[in-house]
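Quick note: the sequence shown, position 38, residue 38 per my numbering, numbers continuous.
Among the hints, erroneous ones may be present.
[To be verified] Capping the alpha-carbon separation at 27 Å, the derived lysine-lysine pairs in BS3-like fashion look like this:
1. 37 to 106
2. 37 to 57
3. 119 to 71
4. 193 to 135
5. 135 to 37
6. 55 to 71
The hints are simulated quantities; they were obtained by calculation from the structure and are not laboratory data.
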Amino acid sequence: MAGHSKWANIQHRKGRQDAKRGKVFTRLIKEITVAAKMGGGDLSANPRLRLAVDKAKAESMPKDNIENAIKRGTGQLEGVTYEECRYEGYGIAGAAVMVDCLTDNKTRTVADVRHAFSKYGGNMGTDGCVAFQFKHCGYLLFAPGTDEDALMEAALEAGAEDVVSNDDGSIEVVTGPWEFSDVQAALEGQGFKAEMGEVTMKALNETELAGDDALRMQKLIDALEDLDDVQDVYTSAVFDE
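Based on the provided sequences and hints, a complete structural model is requested.
Here it is as structure tokens:
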């Protein structure tokens, strides 16, 4: 059995995210605005926008906030223009780190991200240095005790790419990034409610950290996530129980 629990790691991450809920709306509004700008305001024709709006609704964002963000993206309302940028690097013990940002000032953002890497024991790398270690996909995690055979049958029938059973009893369902919402809805329709679901960059290989290394890595992740321009931080690091 692996030295870490997938279930424990996910619960730990969820808890830390819940503690930072004050920034959730700001990040979601940015994502909705950029998605609408890039692909238009029609949810049925813009899967990225649909995902962003679904996430906003899951966080109980008011309808007016969502509609105004879409209108800013399509040019119906004035607003700040954001650029997408991704920075890559290494954390403690060489763990891969990818940082996705939306910013109105890339010079400021790259300086802030580089400073966080340097201050907390990481190293910012070049474009593409770790991207190959991640897969863009939809990800659903189900609690230990879920009927594996029934879930696997339902997931594959709904269009999932893979179903993975972990040593701790939890089950992962992996989908294509734009099929995520449809698979999630189909599974919920059959009574399978995921404890966590998201479109993410999933590490293909994990780096187990424990003790002081785990604490140092968590400080680096927190520092990056606390930056105003950062939307998401992805890492191959997992923490030993």
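| query | Any of the earlier hints contradicted here, and which numbers? | reply | Hint 3 alone not satisfied by this model.
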